[in-house]
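K.L.:
The whole structure should be built from the sequences, with the hints applied where relevant.
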Amino acid sequence: EPLPGPTGESNHLTLHGRGLALCLGGGAEPMGALLAQALMALAAGNAVAVVAGEGGARLAAALRKGGVPAGVIAAVSADDPAETAGRMPRLGLVAHEGEGADLARVRAALAAREGVRVPLVSLSDGIERFATERIVSIDTTASGGNATLLTLPDA
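Residue numbers 308 to 462, in the working numbering, belong to the letters of the sequence shown in order.
Hint data in this document are derived by calculation from the structure and do not stem from the laboratory. Note that the structure is a prediction, hence the values are computed from the model and not measured. We treat Cβ as the ideally placed atom computed from N, Cα and C, and that holds for glycine. Take these hints with a grain of salt, some might be off.
[Unchecked claim] Label-pair distances were calculated between CB atoms; the ranges are:
1) 406 <-> 455: 32 to 42 Å
2) 460 <-> 406: 23 to 33 Å
3) 309 <-> 455: 35 to 45 Å
4) 443 <-> 372: 34 to 44 Å
5) 408 <-> 309: 38 to 48 Å
6) 319 <-> 411: 13 to 23 Å
7) 369 <-> 459: 53 to 63 Å
P.N.:
Here it is as structure tokens:
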């Protein structure tokens, strides 16, 4: 998406997936939340791992049957989803709709991770939180030109 900028500069915003999204479901409708999280993560350009419990394995199989490549979606077994989130390598984000002690356990597991911080997102955060933004600015001025032209206000 083009962004405004001064004369002689081209600015573009693009959204890109964060990498691997671990979808934990949660909330009042855990299966519905799991499906919505997986779809939101896929739409943002992420690979998706859904927890196998609560029908996650069936969900992953249905999405693969619907055309999502096997390397993009998988079900992972997790006796303790918070602990799984804490130890998965190359994790880009965790989607969770829980609250209270359940949410606190996931946050604590993510905070204890080594390396890059992994965001904990909710469906209410919107698709932007499932992605990362990149802004590219390009200087489009000609070298050796009349520099006073660059100081003129845009008309």
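K.L.:
Cβ-Cβ distance between residue 309 and residue 455: within 35 to 45 Å?
P.N.:
Distance hint for residue 309, residue 455 is violated at roughly 26 Å.
K.L.:
Could you say whether the range 38 to 48 Å given as a hint is met by the Cβ separation of residue 408 and residue 309?
P.N.:
About 46 Å separates the Cβ atoms of residue 408 and residue 309, which means 38 to 48 Å holds.
K.L.:
Tell me if the beta carbons of residue 319 and residue 411 are separated by a distance inside 13 to 23 Å.
P.N.:
violated (39 Å)
K.L.:
Looking only at beta-carbon atoms, does the pair residue 443, residue 372 fall within the given range of 34 to 44 Å?
P.N.:
Given about 38 Å between the Cβ atoms, the range holds.
K.L.:
Falls inside 23 to 33 Å, the C-beta gap from residue 460 to residue 406?
P.N.:
violated (52 Å)
K.L.:
Is 32 to 42 Å a correct range for the gap between the Cβ atoms of residue 406 and residue 455?
P.N.:
Violated, since residue 406 and residue 455 (Cβ atoms, about 60 Å apart) do not stay within the stated range.
K.L.:
Should the hint that residue 369 and residue 459 are 53 to 63 Å apart at their CB atoms be regarded as holding?
P.N.:
holds (59 Å)
This entry does not satisfy hints 1, 2, 3 and 6, going by the numbered hints stated previously.
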